[in-house]
Amino acid sequence: LKEPEINKAIKACQKSSNPKTFRHVYDFFSERVYYTCLRYLSAEADAQDALQETFVTAYTQIHKFKFNGPFGAWICRIAVNHCLQMLREQKKLIHLNEQDPVMEVVDEVADLNELEMRDQHVIQCLNLLPDGYKTILNLFVVEEYSHAQISKLLGIKESTSRSQLVRARKALKVLFTETSRTKAIVG
Amino acid sequence: MKDSRNKVDGLIKKAHENGTTPVPDFVWDQIEERIKENDDKIALWWLPILGLFLAVMGLCSLPVNSMVNPNPSSISQNQEYKKRKEHKLGNDKIQLEKRGSNSMDDRASKIQAETLIVVKEREATYGNKKNEKREPNGSLELIKPLSKAKSKGKPTVKSRLLEGKINPKQVQLPIKSSIISVVSEERFNNEKQFPVYFPIAKAISPSLLNSYVLERALPAQFERKELNLKPNDTLVLTPWSVLLSSNYVFFDLSVLNKGFRSGSLSNRTFKSMGLEQILSVNYNLNPKMKIGVHGALNVKNSQFDYAVLANSQNFNQYKNKGTLSIAELETTHQEDCDLYYIESVKMNYSIQSINLGLNIQNLLLQKGKFSLWSRLEVSSNLKSNMRIRSVSGLELPTNTKGNFNEMGLGAFGNLAYQFNPNWNLFLNGGYRGINTFKHEVYTKNPRELVLGLGIQYRITHK
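For the record, the sequence lines run as chains A and B. Reading the first sequence from the start, the letters are residues 1 to 187 in our numbering. Reading the second sequence from the start, the letters are residues 188 to 649 in our numbering.
Read the hints as simulated data drawn from the structure, not as lab findings. Bear in mind the structure is a predicted one, so any value in this text is a computation, not a measurement. Any given hint could be a false lead.
[What the hints assert, rightly or not] Which stretches of chain A does chain B cover? Using the computed rule of at least three CB atoms under 8 angstroms from a CB of chain B, they are:
| no. | region |
| --- | --- |
| 1 | 51–61 |
| 2 | 66–72 |
| 3 | 120–128 |
| 4 | 167–175 |
[Claimed, not checked] Computed spacing ranges between beta-carbons, pair by pair:
| no. | chain 1 | residue 1 | chain 2 | residue 2 | range |
| --- | --- | --- | --- | --- | --- |
| 5 | B | ASN549 | A | LYS66 | 49 to 55 angstroms |
| 6 | B | LEU431 | A | ALA73 | 55 to 61 angstroms |
| 7 | B | SER577 | A | ASN127 | 31 to 37 angstroms |
| 8 | A | GLN149 | B | SER577 | 51 to 57 angstroms |
| 9 | A | LYS11 | B | LEU239 | 53 to 59 angstroms |
| 10 | A | ALA43 | B | LYS533 | 37 to 43 angstroms |
| 11 | B | PRO235 | A | GLN90 | 55 to 61 angstroms |
Ideal Cβ placement from N, Cα and C applies to all residues, glycine included.
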């Protein structure tokens, strides 16, 4: 189905609950939403759970969607909230309020312009980051949330959000440098 | 520094741009199952609300629904029952609606302290002609005429009404619970003709609320002595009763419709039984009909055995009781039958549910203190689950729970014996059809034979 038809399906679902019609909506958005879940949750099983919760929530709350923006963005926000909820339950966001000594000792970071970074390489490095850093980068850079919004979502101070973002970027650069060096040696 | 920051952010954005990942097929199956469960729950949302509505509707009428039971021995003393309804306003405030001007408020303040005894004429509400003047032994008697309630000097509500200074619609006379209802035999008979409509009318019209007189006949006649009533005592039956019953439930359980864990389908039923406790609050619409809201707790068990063709990891064929023959085994598994072995399995299920329902009861027959009632009920589960308590012969996890939704329709007969106006004991028997929704194990809808014993308490006061 194309986007106008999907919008029709969404409107039909808003009028009356119909799993068959909702299936079209699922087919259209599920891969994108699953990708979003995988950005936050490393384990596939967790991401599938979050995906399931997201679409069940979307099905029950679809009448609240007012077409003020794209449906994809709306459902991805639901997915992000579920992912954050799961991370909270798994207590993987605790270190956001703590110092991470590992990253402090590395001060020699290569100039990014000198590194040849492919998307796959970036994603690999992102996946190597602790969940807290990954979450901050996802929320700020990909979802484009402000620090105020992030602080509310994660229940942390705005200043913590800022400092964690700086540290996450730094950690990512360290990973870029290290993995590039390893590649160079191996290569 | 800023460049570096932008560079990192740019790399992340670029890496995730329009990212998609194929989703495993089973995720939709799980989602579909959950949204259908959700739809089922939504479909039954009205049931508890309806029950609550009925309960509230009945409760609202409780203070004024009182009656005097006509006892044969007292009939001789009182040739005609009298209808008296006293509205003693005492120091109560007579409230004026604030629709009027300020001067209306002034009037209200002036008359607040007045004491009146007002008899509210109700006959008009029934559509009868005016009937203000009655004989002293008639069905309506004024405790104190309105004209006598007029105090010296100060204008009363009555006088103001007569002078046209107050719009009658603006006067609300507080209705108090100090109402005594005595109904004439003639009128009682008239009212019996439309008892069903009265509760509805009462809910709509407060004036009818006062005038409604409930059914007044006891299921069985009792002598005054038997009830320890003095000659002038009256027994007031409220329309409310509470019923408690314990029933044995016999049913055929059908399980494993889609296989348990693994295995092929084999439709079988197993004789099973259980126990249910029912608590019902009933409201008598008339002497021959009552409606009720009931809650039920069901605890049922089912045990059955069957032969299973299994290998070390699972089983894939089973047969109800008996053993699988070698011929069957060779037919179904010609290639690898040596990998399988036959095992006798005993499974023990526990099925629990909490139900809420509505019922309607009709008096079919009455002979002395015995009465025969029919009862129709509709119920839906609030919570139900089916649990495997034990499995012998196979290594399967026990305590595996599965929730399911059900809806039941039942028809019953109750044979009751009335010990006294309050208590009766009854035997209960009937048949209940249950529809279970979307449960992979408990799929075939069971039909239950219900046999039990119960007691009912009718609320009365003297």
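| query | Which of the numbered hints above does this structure break? | reply | Hints 2, 7, 9, 11 contradicted; others consistent.
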